[in-house]
Each structure stands twice: as structure tokens, then as C-alpha cells.
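Colleague: Protein chains in written order, with our numbering: chain A, 1 to 337; chain B, 1 to 337; chain C, 1 to 337; chain D, 1 to 337.
Mixed in with the good hints, there may be bad ones.
Unchecked claim - Derived lysine to aspartate or glutamate pairs resembling EDC-like cross-links, with alpha carbons at most 16 angstroms apart: (1) Lys118(C) / Glu79(C); (2) Lys276(B) / Glu260(A); (3) Lys276(C) / Glu260(D); (4) Lys276(A) / Glu260(B); (5) Lys276(C) / Glu318(C); (6) Lys276(B) / Glu318(B); (7) Lys74(B) / Glu304(B); (8) Lys276(B) / Glu304(B); (9) Lys276(D) / Glu304(C); (10) Lys118(D) / Glu318(D); (11) Lys74(A) / Glu260(A); (12) Lys118(B) / Glu318(B).
What the hints assert, rightly or not - To give a feel for the contact side, a few chain A residues facing chain B, derived at Cβ under 8 angstroms: (13) Ser15; (14) Ser23; (15) Leu24; (16) Ser73; (17) Glu75; (18) Phe76; (19) Ala151; (20) Glu215; (21) Thr241; (22) Val255; (23) Val288; (24) Gly291; (25) Ser336.
Worth flagging that the hints you see were computed from the coordinates, not collected in a lab. Keep in mind that this is a model prediction, so the values were computed, not measured. The beta-carbon is built from N, C-alpha and C at its ideal position, and this holds for glycine as well.
There are 4 protein chains.
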Amino acid sequence: MLIVMKPDAAEDDISYVVRRAASLGLTPHVSAQNGSVLVGLTGDKRGLALDSMAGLRGVARVQPTDHPFRLASKEFRREATIVSVGGVSIGSTQVVICAGPCSLETRGQVQQSARAVKAAGGSLLRGGAFKPRSSPYAFQGLAEGGLQLLADARQATGLPVVTEVLAPDQVPLVARYADMLQVGARNMQNYPLLHAVGETRMPVLLKRGMSSTIEELLLAAEYILSHGNPNIVLCERGIRTFETYTRNTLDINAVASLKELTHLPVFVDPSHGTGKASLVAAASRAAVAAGADGLIIEVHPEPEHAWSDGFQSLTPAELTALLTQLAPIAQAIGRSL
Amino acid sequence: MLIVMKPDAAEDDISYVVRRAASLGLTPHVSAQNGSVLVGLTGDKRGLALDSMAGLRGVARVQPTDHPFRLASKEFRREATIVSVGGVSIGSTQVVICAGPCSLETRGQVQQSARAVKAAGGSLLRGGAFKPRSSPYAFQGLAEGGLQLLADARQATGLPVVTEVLAPDQVPLVARYADMLQVGARNMQNYPLLHAVGETRMPVLLKRGMSSTIEELLLAAEYILSHGNPNIVLCERGIRTFETYTRNTLDINAVASLKELTHLPVFVDPSHGTGKASLVAAASRAAVAAGADGLIIEVHPEPEHAWSDGFQSLTPAELTALLTQLAPIAQAIGRSL
Amino acid sequence: MLIVMKPDAAEDDISYVVRRAASLGLTPHVSAQNGSVLVGLTGDKRGLALDSMAGLRGVARVQPTDHPFRLASKEFRREATIVSVGGVSIGSTQVVICAGPCSLETRGQVQQSARAVKAAGGSLLRGGAFKPRSSPYAFQGLAEGGLQLLADARQATGLPVVTEVLAPDQVPLVARYADMLQVGARNMQNYPLLHAVGETRMPVLLKRGMSSTIEELLLAAEYILSHGNPNIVLCERGIRTFETYTRNTLDINAVASLKELTHLPVFVDPSHGTGKASLVAAASRAAVAAGADGLIIEVHPEPEHAWSDGFQSLTPAELTALLTQLAPIAQAIGRSL
Amino acid sequence: MLIVMKPDAAEDDISYVVRRAASLGLTPHVSAQNGSVLVGLTGDKRGLALDSMAGLRGVARVQPTDHPFRLASKEFRREATIVSVGGVSIGSTQVVICAGPCSLETRGQVQQSARAVKAAGGSLLRGGAFKPRSSPYAFQGLAEGGLQLLADARQATGLPVVTEVLAPDQVPLVARYADMLQVGARNMQNYPLLHAVGETRMPVLLKRGMSSTIEELLLAAEYILSHGNPNIVLCERGIRTFETYTRNTLDINAVASLKELTHLPVFVDPSHGTGKASLVAAASRAAVAAGADGLIIEVHPEPEHAWSDGFQSLTPAELTALLTQLAPIAQAIGRSL
């Protein structure tokens, strides 16, 4: 919801609108555009402001969009956005498979993984060179050395590559090697980083924070969009709940919810969304059936020797078997794999 | 995990095991069987007790099952349980559709709903006569009058009926009318009620509590099983999280998790799992793709006039369209609708 | 918020109000009073209905209370309710200490516990005879034998006793022995039980469900109040979150939140609220400082031999030390212990 | 828990340990120290590895610390850390009050706020010049202009100042103006930022992420400590749960939990922890009673005109009244304000 103030609205009128919004439990965001003050309202998912704000002094009109995100909304853009990553289209009828190891470890491991992804029918290769790890003593990634391994694997297989960037000043380096920049769950609200990737025109895979709402994910996308970069793919990767049997709770509702709110494509990460290799196939099937535009899956030639997240990585054989399962589900909803 | 004590174990030995378990963060459950004391360990999903308990004084052996639920586990029963409800088999290759209104309201509404379910291809009719409502001022259901409407609708359509029971002393009454007893989410840990339905041999639809873990759901089933009733269908219906865009967060991971832990069939409730009619179709497709044995869906001839939960109810036409969508997904995973 | 419809409102007018409320994300509760239809709105904590509903056809007025709970609200009753339990006043300036073992186990254990509570300066004795346990194989309590032990301990020490009741048909039995009936967290939304304790006039300790909101707790109290029983003490006992270091997350905000919403007294359970004996003292100090009217604390003569919850029970010496710590905090906020 | 491998352990031995840990649900962190490979285990809060790992091939010993954080643990440092901020000691007997506006807005507002904090008895001034806001259209702070206002207010009142830094490359700028750097909740796992503040020796106020566990907070501190900066104050500021009556759920248990795990001082933020001015006093009293070393409170000369978070800001008069309430509680537990 957006309150557009009259050009001659007094400061007191604006204050009153802000205070009124806060008293309704909404979070007001004051900004300016073309000489008018705008008050965006976060938390207002139900058009409440329409009824209670329209008649206030100084208010020109209340815009009948109830989203604090504008550029990401369907009101702004009706047709689905298609993001092209090294020639692979995300957001069209094809369900795109991105797979690869959690961490880039050795040349052999990366090459084997890449060939396995290619052989199984995947379209994109993933792998982390800069790893955000909870502990400072954990393996933090190979840094530029890892990026080089990834670029080599791209050359060997033709698969465009996706890799994570952790800080604004890493963006130029990572952008030199990658076809798509990943902003991880822990950085979904790292605004300087969103700003930095927003200033490139590179495709961005934006993962949902582990306790971020769907609205906050779209606001994070809005940061990137508002800096001029329209090439965003959202990614549901599981949220943090009380359940401990799985590493995260994959919020399958988020797929269709995002589809009714935004024109941006939506990926699902069944590996982090479950945290268990044994559950990845079912989560992948569910994601495709729910309408996801693609999956990002961890695969490792030898999961039991992986330097990180081995327990949730598929083997190459499991990946092949999974994609075979997914094809008829994609067809059942009028898509292809 | 189950610690079997030696028949001659001293009370101090048992105390020590209990204390040791608690110090590991596990919850010990002391019971007896065939003259031996057993210490079941809740919270022990990883076989930890195996290493740390086996050598304690008085311990006969540590059983290599890591479940505090026994009768519900696959260790106890390898083959899938098939529950028959008025001739409809739940747990075999067919994905069973149960649908109907949230509340039973009027004869016309129940009859129309039943015919719509039948026409769309559903196999079971649901409807609440005793409604657990957050407010004492909300409509609490038609009680026995509602049960009679349900029974009439069964006679008219041939569909077996499922309805909720709220208290132990209601069980005989509800059992006279229903083909399957529903234990709702709020009552998943109502042990006297679990005991009461456990003493019948009627099929029970046991819904997961809104903040219950998968393990707690299986322990609730264990209550019913341990009283002699093997006819249980589990139901994932969404859990409570921080996300507010949807009424609940449908835990799609629960379907495959339950399938690897138990022999009992698993339903999904996409209506409560999303709380929005617009999201029910995607959640239903995901549930079938993930391996659910059936769905329980709210349908109402006029959702906008429903006395409860209208915003999450499908119209008859929407139900028909949904089942048409689901059939090819069921086929894609080797099942039928 | 309560919408009062005109006596001659058409059914379509009511339907429209219900639909409109649902579209705002509110849950409508239709009821009738003195010939008028009332539509209570759950989820409406911000007076939103006031603006958007007042002018609808058929609406007589929108009552400027924004609570779906009426009898529990401060609008209904301005002065604080004082609940008397066997002569002990809860809700006045004294902070009341209720303590005792989780489970009633043996005569010696109960008597020792009671004497310890008395000696430490506690006013009420707690102990469970009917235990709701996650596993059917866990110790389920001594039933009536336990109640007798509790009554004996009351006779020996003069302490009024509090004990849990699990089912409507247990109410008469438990009421014969107890001075206060406890409705446990798992039963907060067991409506037949709330109804049954509502029909007595006995003091009720109503514990918050582990994933129930503050509003739902007050609606559960409303069930009891609306059946005529005004003697309710609410109890915050920790909620379920993602944090695993503690058994539950004690929602300290709930104390002051409840104090601004209701006239009913508020207890805190630091034992379940933390799940660790080492954290009980700090949680107790915080609860008293936040304004709790009392505490319910688990104490056991030998926690390491307790049949349940030993890891969160204090020893008698620890209880004594705790009450010594609490007295000056109570004084600091103008109360006594 | 830390597994120290033998200097001559084979790579296969290490792999086996890693795999074994993962199969227990623990997350292994491989690192090296003095020529030995170390495997730290996150998620292992119960010493389980001790029993199951000690005898594996290649393992030298299992260190009887069960924390993946080392430098932050009490095993590493027994005495409490005292952090000095511009001459104010945090972590000793005095409970330190830091207060000020959410955002730095105008010279007048900052000066008034600073004088109010000083007059009420506060010791530190807070205020944000770089604001992390969910929406790109919200006020993002005055940047360096705000820092200058803050420095001016320090000069006028003598209060040392605390302000947030959002990105590694902002650290030198913010460090020129501030006495203490704040790392906000959204950046608790922004590792490049933790690295950057770790390389300074400035005091850091590290806020807990809104869905971060206590262990993850300590691991974030470990990042800063491991880069050489020992001057860290942890801050509990409320976590995200299902409860919506308050903005966040203040995890009061975290205070005592942190006190038993770490030597670092602990602050509480009752403003974000509740999100409502009316609840700040009760939360502050609880925090002091639970043992917090200080509070960080939002205050604004005119909360209803605040550019952000006005609904949770106290007025100067309310701040004064609050500190008057807190003094006797601090005394009751042997501290001063």
C-alpha cells in the first residue's frame, strides 16, 4: 500500500499519517518521488490503509496496490520475467536444473561433478568458492582458486555457472568468473551487498533468509530491482521452525504464494530445504508439482568425503534417477525438464 | 532407542540410566515388559544411546531402533498398513480424495457438498458436527443433528464419512454415525481421547498438532496403537511458523519423513495447510508428488456464505478442476487417483 | 472487535460482513445475543474493523473493543481479579509461590516435597497425579492414589494443593481432592475440558499452549469465564521456538502483555519455561520483576531420581535460596513474597 | 566438542570421523592447528562425541569442551570480560544504560536525545546513521552526516557513542566517529563484516540474529575473537516466533544461558525485544533481574514524529521513570545502575 501525499501536504499531515500507520501495526516507509512524499506501508497485506487513510488531511490518494514492493509486484509487471543465464532461460516452460557440489574442493571433484550434472541433464553448475560458515574454524572455501576451477568446468562441459558472493567488494571478482551471482540466505538482508549486485546487470539467485517472510524476500528483491538490475531469480530454501527431524522446513506454500505476488521466477533448493539426501527426491517432486521454475541441488561424486554438507548431497547416480522421476511430473503440469 | 534392563537390574542401575539419558538431553520413558524394565528414549533420533548406554551396569542391551514409538515404526512392521474406510482403501496405490465442508450447516449444504464430492471423483466425505473453535462465541457445530445430516448424505451418495470427535465420552455417539473418526490438531496430545479411540477398532484420521514434531505425531499414533487399534491414517495439516502470508506452513517434508519412519498411511490437508483457496491446488499437487496417500480438502457450495473457513474452501467447480490436475501427477509417480 | 448487526439485518448483509472480514485476514465468529447477530473478529488487534465495517449495510455498530475475548478483557472489568485458593490470594500485592514435584511418586517424596515448600516459604503445593506424557510407555501418574498423597500432604502442612485434570469426566474426582485445577499446556484448547472446569467454581490454573498466542490464551480463558467460572489464573510456561539450548523459550513479554489486556492474574512457570534447573533462578527473578503474580516451580527431594522432569527440578535447598533472592526483587517493585 | 587428530592421521581416518559426526546429526568443522587436524562439532551440545568418537582410528583425543566456540567459552577464560567503551566499563557490577534514538535525524533531535539520556542517568548514547531497512524506499539514514551529529552530541554531553556499521568497507569511517561499533541482527552472520570489525580493537556490540540460536551467536562472536578483537558485548534483542502481539519475543532465557556459556558481557534490547513502548519497562526490569550487564533502549524527544520505530521509543520522561524503577532491582541482585 502506498500513500501518495499532496505536493503541498504539511509536515504535520505527514507525521499524522506515519503515526496512524504505526498505531495500526503497520511499518511506514517515507520516501519522495516527483516532488510528492510517498508513505509505503510494510505489513499491510490486506489493503487496510485504503479504508483508514484515504480521508486524512494532506493525502492525495491511496494506491490500490497492497505491496510495499513495487517493481517486484505483478501490478508493476504482468508478464512473467524470464532470466537468461548463459543462454539458459529461467521462468519459461522448462524447469531448469542447477546442480553441483556445496563447496568447490579439488579440480577432480569439480570436474566430476560438472560432468555428472551434464550427463544427468542439468543445465547449470553450482559450487561455492566463498563459503559462509557458522564457525570461523570451518572450511571457508577456496576463494579465487575455486572460481577458476568452476570456470574450467564450464569450459569442459558448457554449463553456465552459479556461485555465491559474500560482500560488496567481492562482486567484481566473482562477476568475472560467474554467469549468475548467488546471494545466500544469511545475506538476504545485507543491503550493501544487494545494492552492489543491483548495480551489475548479472543474473542474481536470491535465496530466502531462514527466518524471512515472503514479503521480506520480495523487499530484498526490490533493493536489487531499484538499483536497476531486473535479472533476479528467487529461491525458497527452507525456513527455521521447531521441527528438528529435518534441517529446515521447506515452505512449499512459498512457491505458489510468490507466483501470485511477483513476476520473478522461483527456484527451490531441496538440499537445504530438507538437509537429508533421503528426502531430496520427494521435495524436488513437490517443488516441480507446485510450479517451481527450477531446482538447485547439491551433488557430490563422494558425499561421504565432502568437505561440507555431505549428508544432504546426492551422488551422480541419485541425481540421474531423480531427473528421470521429475520429467513426467513436469509434463503433468504442462512443462518440460 | 530402547534400553532393555536386565531382569535383576537394581533400582539404582535404572536411576543411573535415567539420569544419564536426561544429561544427554534425551527424555527417558520407563516402562516394563515381560518382567524387564525398558527405558525408551525420546529425542534420540540418532542412535546416540547406543554408544553411551550399552556398557552401563544393569543394561541387558540397547535395541538398535532409535524410535520411542515402537508399534508405529517400520522396525515393527515392514509392509505398509492399508486402512479400509467403508470399503475405501487408504495406503495402497490409489491416492484417496476426502472432501466436504468445514462445518455441517444445513441439509441442503451437506447434500450439495456430498454430490459435488462424488461428481468430482472423491471417495470420502468430510464435515464437522463438533467444531473446536478458538472463541466460545463462534459457531460450535450442529452436534448430533450434524451427524445425522452426514449419515443422510452418505446414504444419498454412497460416500463413507469422516468427522471429528472432541472428547472421550463423545466417541460412542460419533462412532454410531461415522466411518472414520477424526482427531483434530488441537487434540493430538489429548491422551484420554487417544485412549478412547484406541479402544475402538474404527479408522482414525490423526491430524498433526500445529506445533507438534513428527516424532510427537508418531507418539500420538503409538497411544492409539498401544490400545489395540491399528487403523490409523496420519495427516499433515500445516505447522505454525513466523510466516503470516499463509495461515499455516504446510510441512511438505513431513510426508517423506513419515514414509521413512512409519508403515502408517499419510494424508495431507491443503486447506488448513495454506488457509487460502488460491493456494490449495498447488499444495495438493505438491502433496501428491511427495507421496501422500490422500488429501482432505474443504469444499463448500458457496464458500462466501460458509459459517467457518470459507476463505480456504474450494467451490465444487474448483474441486473438479483440481482432481483433473492431480490425476496425471499421480500417474507420473506410478499411482492413480 | 465486535460487529453488532441490526435486528432486521438480512442474511446477505451478515454474509457480506463475514466475507469482508475474511478478506481482511480476520477470522469472523458469528454468534447471537438478545436477538441480534454479533460478529466477533479474531485476529483484529488493531481496530481495523472500525474503519472498514462501520458503514456496511445491516451493521448497527462496531464496538470499540478490539478483543474477541470479552469477559477476560479490561474493558469488561477494570479492577484486577483476585483468585482465592484455599485462603491464599492470587492477584494482590503478594507474589505467590506454588512449588512441588512434577509427578507424585511416593508418600515419602510427596511429604518431603511439601515440607520443603512450606519451609522455604511457599504458599501452594503442586504435583501431578494424571500426567500427560508424549509416550504411552512413560509413567502416566498414580491417578487417584496420587491425589490421596497430595491431600495427605495438605493435611500435614496446611498448603492448598494444585493438580492437573486431563478430561471432562475426571473433573469431579480431581475436584474432590484439589484446591485448584490445572489445565495443562496440551489441553489449552481442549474445549470440552474448559467447559467442564468452567461449570465448577473452583480456581483454575490455565497454562498457555506451547504454540498458542496470547490472544488464544485469553480466548481459552473466555471459554471458562463464559461458563460462569471467574476464578482463573493464567500461566506463561514457555513457548516452542527454534532455540534448542532451552526446552522452551520463556515469553517474558507475555506477562506485561497480559497485564495490559486482562484483569486475570498471571503466573509464570520457570521450570518448563527453561527446562534446566540451572536457569530457573534467573527466569524466576525476571518473572517477578516483570510483574508476575506468582510462580509455579518444580522441586524434588532428589531430582536425579525423579520419575519425570528431574533435570528441571530444584532441590529443597535451591528452592530456599531462590525465594531468598526473590524477596528483595518483589520489594523493589512494591510487592512482597 | 573438538576432535584432535593424531599428527599422522590418514586422510581416510579424517573422512571417517567427519562422516561419523554427520551421521550423528552433528556438523563437522575441519581446521588445522600446530600441525594437527582438528574437527570441531557444531550441534553437539551434550558431549555425545566423547562416547562415540574417542576410539576411532587416528583420533588423538576428544577435548572435553562441548562448544564449537573456543575463545568465547568459559573453558577458555574463566573470569568475566570487562569491555571499556570510552571509559564506561561493561561487565562489572554496574548495569550500563545505553539509550538514544533509532535513527539520527536532525541536530536538534540528536542533541535533545543526548541530553535526555545524560539527565536520566544513562552512560552511553546510541543512534543509527546507516540504517538497514527492509524496504529500499524507507529512510536509510543520514550516513556520515549522522555520524557527525553523533560526535557533536558526544562533545556536548560527554557520553561515548554507539552506532551501527553495515559493511566491511564502512568500518574505517564509522570507527573514526564511534566509541563502539554495532553489528546489527541482520548482519550477525555477515562474515566479512565480522572479520572487518575483528581486525579493529574497538568495542563491538554484537546483536543476536532474529532467528539465530545462542550457539550461533557465540560462533559469530568467535569470528570476531579469532581475528584478535576481544572487546565484544553480546546483545539479546528478541527472536522471531509465531507470537504477533509483540514485534519479537524477548528470549529472557538467553541472558542466563549466555552467562553459563561465555565470559563476554550481555546486553538486552527491550525496545526491539518488545516493539511496543508500553512493554519496554517490564522487559527492562526482567532483563536486569535476569542478570543483564546493560540495556540498549530507544528514546526520542517526540516518538510520534520519529522517522523510524517511533512506536517502540520512550519519551525522555519515560526513560527517566524507567531508570528510577531499575535502580532498586539492580540493588536487589547486588549491582548498581
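Colleague: Please go over all the hints and tell whether each is borne out by the structure.
Modeller: Evaluated hints:
1. Lys118(C) / Glu79(C): Roughly 31 angstroms between the alpha carbons, so the hint for Lys118(C) and Glu79(C) is violated.
2. Lys276(B) / Glu260(A): holds (12 angstroms)
3. Lys276(C) / Glu260(D): Holds, because 12 angstroms separates the two Cα atoms, which is no more than 16 angstroms.
4. Lys276(A) / Glu260(B): Holds, because 12 angstroms separates the two Cα atoms, which is no more than 16 angstroms.
5. Lys276(C) / Glu318(C): Holds - the C-alpha atoms of Glu318(C) and Lys276(C) are around 13 angstroms apart, at most 16 angstroms.
6. Lys276(B) / Glu318(B): holds (13 angstroms)
7. Lys74(B) / Glu304(B): Distance ~44 angstroms between Lys74(B) and Glu304(B) Cα, so the pair is violated.
8. Lys276(B) / Glu304(B): holds (13 angstroms)
9. Lys276(D) / Glu304(C): violated (42 angstroms)
10. Lys118(D) / Glu318(D): holds (14 angstroms)
11. Lys74(A) / Glu260(A): holds (8 angstroms)
12. Lys118(B) / Glu318(B): Within the cut-off at roughly 14 angstroms; holds.
13. Ser15: Hint on Ser15(A): violated, closest Cβ of chain B at ~28 angstroms, above 8 angstroms.
14. Ser23: violated (19 angstroms)
15. Leu24: violated (15 angstroms)
16. Ser73: This interface hint is violated because 14 angstroms lies over the 8 angstroms limit.
17. Glu75: With a closest approach of 16 angstroms, the Glu75(A) hint is violated.
18. Phe76: Since chain B brings no Cβ nearer than about 19 angstroms to Phe76(A), farther than 8 angstroms, the hint is violated.
19. Ala151: With a closest approach of 35 angstroms, the Ala151(A) hint is violated.
20. Glu215: holds (7 angstroms)
21. Thr241: holds (5 angstroms)
22. Val255: holds (6 angstroms)
23. Val288: Since the shortest Cβ distance to chain B is 7 angstroms, the answer is holds.
24. Gly291: holds (6 angstroms)
25. Ser336: At about 13 angstroms, which exceeds the 8 angstroms cut-off, the nearest Cβ of chain B leaves the hint on Ser336(A) violated.
Violated hints, listed in ascending order, are 1, 7, 9, 13, 14, 15, 16, 17, 18, 19, 25; each of the other numbered hints is respected by the structure.
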